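The whole structure should be built from the sequences, with the hints applied where relevant.
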Amino acid sequence: MNKIKQMALASLVGLSAVAPVQAEGDMAVNVSRITMDVANRIAVASIEACRKEGIPISVTVVDRNGIPQAQLRDTMAPPVSWGISQKKAYTAVMFNVKGSQLESRAKSPLQTMGEGLAFMAGSVPIQAGGKLYGAIGVSGAPDGMVDEKCAAAGLEEVKMDLEMM
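Quick note on numbering: the sequence shown equals residues -23 to -1, 1 to 142 in mature numbering (1 follows the signal peptide of the UniProt record, and there is no 0).
Keep in mind the hints are simulated off the structure, nothing from the lab.
Treat the hints with care, since some could be wrong.
Unchecked claim - In silico DSSO-like cross-links for lysine-lysine, where the CA-CA straight-line distance does not exceed 30 Å: (1) K126 / K136; (2) K108 / K136; (3) K29 / K84; (4) K29 / K126; (5) K136 / K29; (6) K75 / K126; (7) K126 / K84; (8) K108 / K126; (9) K75 / K29; (10) K75 / K108.
All values derive from a computational prediction rather than experimental measurement.
Here is the structure:
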């Protein structure tokens, strides 16, 4: 009888090793993303907002993972603004706040780690309907708050449409 119990226990343990594990809750998540067309609309609207101020800029729109979806440089924008706009957008989406809210961290160890972060004004997260879609980074204005204003104008171009999703 003892031998039968041992065999039954061994069989039970063996079966449990190959049986699928039931996870609590969902086993997959749905992630909302903006399309390339929406990212381009945001970028163009940001450039147009700064053009009204007479300021040529570069703009980068990143997805929620910080990967660029659209990047434009106005004709006379300084070449250095291209990379800075990407870093601003990346930082805004990673921390899910405007760049101006991160300026106090400019001297933090994170800034010196070479992770592509830019703790400065000029970026806004793309948030709508309780979802984070990505971020917009703008560079080229003499003041980061002007960059941030142009990024916000880009967001306003699509925000109502995103809220409806």
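Results for each hint:
At roughly 15 Å between alpha-carbon atoms, K126 and K136 fall within 30 Å of each other, so this suggested pair holds. For a cut-off of 30 Å, the pair hint linking K108 to K136 stands: about 11 Å separates their Cα positions. For the hint pairing K29 with K84, the CA-to-CA distance comes to about 33 Å; that exceeds 30 Å, so the pair is violated. Between K29 and K126 the CA atoms are separated by roughly 12 Å; this keeps the pair inside 30 Å, and the hint holds.
At roughly 21 Å between alpha-carbon atoms, K136 and K29 fall within 30 Å of each other, so this suggested pair holds. A distance of roughly 11 Å separates the Cα atoms of K75 and K126; the hinted pair therefore holds under the 30 Å criterion. With a C-alpha separation of about 24 Å, the suggested pair K126 and K84 falls inside the 30 Å cut-off, and the hint holds. This hinted pair checks out: K108 and K126 have alpha carbons roughly 21 Å apart, not beyond 30 Å.
Proximity of K75 to K29 is assessed by CA-CA distance (about 22 Å); at most 30 Å being required, the pair is judged to hold. Simply put, K75 and K108 have alpha-carbon atoms about 15 Å apart, close enough for the 30 Å limit, and the pair holds.
Hint compliance for this structure: hint 3 is the single one not met.
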